[in-house]
Amino acid sequence: MAKISVFVAAVVALLVLSVPAFAHHGVAGYDMAKTITVHGTVTKFDWSNPHVVVYVDAKNDSGELQHWTIEFASPVHMVRAGWSKNSMKTGDDIVIDTHPSRNGAPIGITSTITFILKTVVNGQPLPTRSE
Amino acid sequence: MRIRLLVLIAAIVATLSFSRVLWAQSAQGSAGAKAPTASAGIPDLSGIWDPDFHGPEGIRLNTWDSSDPFAQHPEKAPMTPWAAEKFKSVRPPFGALQTMDNTNDPVQRFCDPPGIPRIYMYPWEITFIQTPKVVYILYEYTKVWRAVAMDRDHPKDPDSSWMGDAIGRYEGGAFVIDTIGFNDKTWLDQTGHPHSDALHIIERFRRLDRERLELAVTIDDPKAYTKTFSASKVYKLTNAPMGETLCAYSEMKSFQENVIDKTQTSSGK
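If you're matching them up, the sequences are chains A and B in order.
Counting along the first sequence from 1, when you hit position 32 you're at 32 in my numbering, and nothing is skipped either side.
Counting along the second sequence from 1, when you hit position 30 you're at 30 in my numbering, and nothing is skipped either side.
Since the hints were derived computationally from the structure, they do not count as laboratory data.
Backbone N, C-alpha and C fix where the C-beta goes; we use that ideal spot for every residue, glycine too.
Treat each hint with caution, since some may be false.
Unchecked claim - The calculated EDC-like cross-link candidates involving lysine to aspartate or glutamate, where the alpha carbons are at most 20 angstroms apart (straight line), are:
id, chain 1, residue 1, chain 2, residue 2
1, A, K85, B, D220
2, A, K44, B, E251
3, B, K262, A, D46
To be verified - Covered by chain B, according to a simulated footprint, are these stretches of chain A (three or more residues, beta-carbon under 8 angstroms):
id, region
4, 28-37
5, 46-52
6, 103-112
7, 117-128
So here's chain A without its partners, still in its complex pose (with noise of 0.2 angstroms):
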């Protein structure tokens, strides 16, 4: 069930790393020219300052487990697109879109104060912001 699937988004990275898209801290650690979907089950879902994080549990595509690290933006600018404390709980199934941590570590960022990839729990899509 748990899969880990890549795509390379249409992103120059130059471009992206250019412009502030964060609120408290740039974009450096990020691979913003990639985004990858990431299926697996929430283990915690931290709403809190400086910026809310959800930790996943998820199978790669050799089977072997991961837990990830994912980071949208501020508690307030996630309230002003829609989403709240309760879009999602331990134990959900979560299908999220992410850019990776540029060394590997399944770290990504799947939302700044300009964007929020697609997130999807327990099939119910949550708000998305384009760039």
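Starting from the structure of chain A, add chain B where the hints point.
Below, chain B without anything else, positioned relative to chain A:
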């Protein structure tokens, strides 16, 4: 009895007149509609203003140098040798030199106040409370506020502080703030440009129309920069209530360790 009635009527009239300044607008008008004024020459700044990072006018600034707003060449700012030397050691979270590897951004690392004018570079709301003697500015980011004195000049030798000594005036329909008396602990912007305790900032808030509020910031710091420079951005009237965006050191440290630091190592551990 008649005197009491007259006093009551006078009190009601006075209250209504004053509350017009404090009246909170809702963001339901159309763009281009005429900007309301509180009274002759005094702009009505009430309501909640969002920096609008999404719309076409949402200008996201990394520096106040309008020739390089996204800090693609932050080293080219008109720094004095003193400032250029300080700038060599910064590890900023934004711009072309951005790094999250052991950043020494005082906000990012220590939850220091971002100070003025850097606070305007964050994507959070602001609101104003206008009274005849003081205009208060409330900032959603870190829930800080300023008192802008409308009835005095600067002290001759102000104490240094994070937010400085601010005096204001209404000029040509704009709200103009003149601030001095800063400490030198904050960064001027998101990319680590330094400033000295001689920093002098002019903020000019001007309503473009009912929906839009322009902020123009001019930086004057002869110890740190060889010339004055400026930039502007636009805020939009919003119905979104101001929320909690405190910088709690425990939360910041946890996020740094659990997320950011793991994107910086070769193994991610």
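Against the structure, test the hints numbered earlier, and report the numbers of the ones violated in rising order. 1 and 7
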